[in-house]
Amino acid sequence: MGNKKGQQEIVGFVLIVVLVVVGLMVFLIISLRDSPEQEKSVEVGNMLDAIMKHTTECAVVYEPDYDSFEDLFKSCHQGDQCSNLGLSACDYLNESLRAVLEGMFATEATVGAYQVDFLVKDDEGEEGVLRILEGNCTGSVSSAQRSVVSYSNSLIIRMKVCGGSLS
Amino acid sequence: MVENLRFSAEGSDFVAKVGFADGRRFAPMVGALRRDLGSKGQMKIMQMAFMIVAVFFFFILVGLFFLSIQFKDVKGSAAQLQRDQAISSLSVIADMPELSYDFSEAFTLDEDKLRIMTGGFGDVYEEFWPVASVAAYKLWPVASELKPCPGVDCNYYELYDNGQSNTRTYSTYVSICKKVKESGFVYDKCEVGKLEVGVIIRDGE
Numbered sequence: 000m001g002n003k004k005g006q007q008e009i010v011g012f013v014l015i016v017v018l019v020v021v022g023l024m025v026f027l028i029i030s031l032r033d034s035p036e037q038e039k040s041v042e043v044g045n046m047l048d049a050i051m052k053h054t055t056e057c058a059v060v061y062e063p064d065y066d067s068f069e070d071l072f073k074s075c076h077q078g079d080q081c082s083n084l085g086l087s088a089c090d091y092l093n094e095s096l097r098a099v100l101e102g103m104f105a106t107e108a109t110v111g112a113y114q115v116d117f118l119v120k121d122d123e124g125e126e127g128v129l130r131i132l133e134g135n136c137t138g139s140v141s142s143a144q145r146s147v148v149s150y151s152n153s154l155i156i157r158m159k160v161c162g163g164s165l166s
Numbered sequence: 000m001v002e003n004l005r006f007s008a009e010g011s012d013f014v015a016k017v018g019f020a021d022g023r024r025f026a027p028m029v030g031a032l033r034r035d036l037g038s039k040g041q042m043k044i045m046q047m048a049f050m051i052v053a054v055f056f057f058f059i060l061v062g063l064f065f066l067s068i069q070f071k072d073v074k075g076s077a078a079q080l081q082r083d084q085a086i087s088s089l090s091v092i093a094d095m096p097e098l099s100y101d102f103s104e105a106f107t108l109d110e111d112k113l114r115i116m117t118g119g120f121g122d123v124y125e126e127f128w129p130v131a132s133v134a135a136y137k138l139w140p141v142a143s144e145l146k147p148c149p150g151v152d153c154n155y156y157e158l159y160d161n162g163q164s165n166t167r168t169y170s171t172y173v174s175i176c177k178k179v180k181e182s183g184f185v186y187d188k189c190e191v192g193k194l195e196v197g198v199i200i201r202d203g204e
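Chains A and B are the protein sequences, given in the same order.
In case it helps, numbering that gives the first Met the number 0 puts the first sequence at residues 0 to 166.
In case it helps, numbering that gives the first Met the number 0 puts the second sequence at residues 0 to 204.
Fair warning: there could be bad hints in the mix.
Said to hold, decoys possible - For lysine-lysine, the following DSS-like pairs were computed, each having C-alpha atoms within a straight-line distance of at most 30 Å: (1) A/3 x B/43; (2) B/146 x B/188; (3) A/120 x A/159; (4) B/71 x A/39.
To be verified - Quick partial rundown of chain B residues pointing at chain A, CB under 10 Å, derived from the structure: (5) 58; (6) 72; (7) 82; (8) 105; (9) 140; (10) 172; (11) 184; (12) 185; (13) 188; (14) 193.
Keep in mind the hints are simulated off the structure, nothing from the lab.
All figures in this text were calculated on a predicted structure; none of them were measured in a lab.
Every residue gets a Cβ at the ideal spot worked out from N, C-alpha and C, and that includes glycine.
Chain B on its own, in the form it takes in the complex (with noise of 0.2 Å):
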């Protein structure tokens, strides 16, 4: 006896006759039956495996494109931070007594004091300042050039340099103030001005 019976498989439909013939299976089609869904299920697995290497393989560059984003500025902002700290440490030197014009305001320069200090006197201070050079100057009025003090409309006051040529230079934006005497007032006069110290740079910086 041989009749045709319906299988279906991975969405395909497949016809298969199968008998008996003296009490044995007919095998022969079954076996065909079997090669075909056999290299259909092999196709699937491939395909989906495919498909996780395409997934795997986004999901990395979406991550390496995060990453780029994330660390983009990373070392921007660490030069940032170490020339804010440096700044930051000059407030030490411009909040010094021998320096400072008001105690009660940061950043604040007494311009008689730099007078005094860059007229030699700064070098009793040799072993005293942390740093290689210190110098201040004064932005206003706008000068086309620095005219060391002492001297006529001099604007740049050298309060101390070891001489030394391995330093690297950290500015910071000041007010040089001086008292001021007109029409028998006396009043508190501040310019812009810029305090500049040279740091010693260590082997290895």
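If we strip away everything but chain A, and leave its shape as in the complex, we get (with noise of 0.2 Å):
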């Protein structure tokens, strides 16, 4: 009779433990479905966009036919050269953007780290092109993207942003 009362108290327990380890998935699940990894920012949407347009020095075809930085990302994957600068266009994407990135965050001063990648997407998926990464990331990270067409690809320039506020 004491076993049979032992053996219920036991079942009693397993199915408290059970229940509350269920509860606590649910819980896990939800709470890390809701809380994506960086959130989409207007201000590094704005921060793209004005990089995008802006104009480099990087002539493909003749001067002052000059690539603004979406035509430099067309330029880099369709393996162009800047035929002004003697240079391939990727080697001079690489490098501008490297500098204007490091001159526009000179002055974001809660700026901890930046990421810029260069992504072609097709239909296997996406492939790296280039990335730019300065900096240690220690705060929470603002993004944003923009797509490019380019043959039959589409180009993927994704920033991410990590620290305070840009403005």
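Using the hints, put the two chains back together into the complex; each one sits in its own frame.
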């Protein structure tokens, strides 16, 4: 009789433990699903738009038909050369984009780190072409991305900024 | 006649001598048994009460933990939303015909218009601007300091300032563009800049 009672108590205890574990799992799933890694930001979006329109010194065909960064991403994907500089579009893109970003973030005291990714998206997925990463991220992350069409591919330019507000 | 009777209660067996003497029930043993069962029952009720209280407090703690996680960043999100709204409203100023370079592109300022507005023309618009101050500056090429325009190699355009000190400044990134003629060709040259607007802080804000 006593043995049976003990078994009942153990079953009750196990049931309570299972219920609590299930509750915790549901809670964890909900909280993880509702908190995205980073949020889309109007500030970062405007920054990326301004960069994309920025006129570079790279002229692929003739001077003064200079590429904007948006054109330069396409030129890099298409394997073009900056005819006036004697550099490949990708090399110049890497060099000039780093310089512009450094200049922009020099005025932003609250930004701890930033990352710009240049990806080519096709049917098989995304392939990274260029990544610029500076600083160490310790705060919240804001991000934005823009797409440019080149040939049959979609070029994705994604920017992540870590730290306080930009303005 | 006296005989042993076995009782079972709450998992314990009790043996009680129950008998009759002279036609009267032999009551003292049964009374003791009742008292024993009563105290066991009270113990069980107390255990259950403690368990219910513990479970109640456990769920209260879990609820508080859940709420704290949920509302952790509400204040930060509200501030971020306010900032985003302020920046979006900057597009109204950036897209004004007096400043805009290309009507099809948002946040694109005309450097020639900025130069004209800086040269004292902006004061005519004193009643026009819905804000306390408007300024724009170029971030590229990188300069160690802001040089007010008009001037040589200037990069800072102060379009309007009503002199009010009780203001909050909002800024956003813009493209500052101009038409450039080179080798007989005319092209659009755009550089990264910032539009800075001072908003009057009303009482209570």
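Open item on the list: Check the structure against each numbered hint from earlier and tell me which ones fail, lowest number first.
Closed with: Checked against the structure, no hint fails, so every one of them is satisfied.
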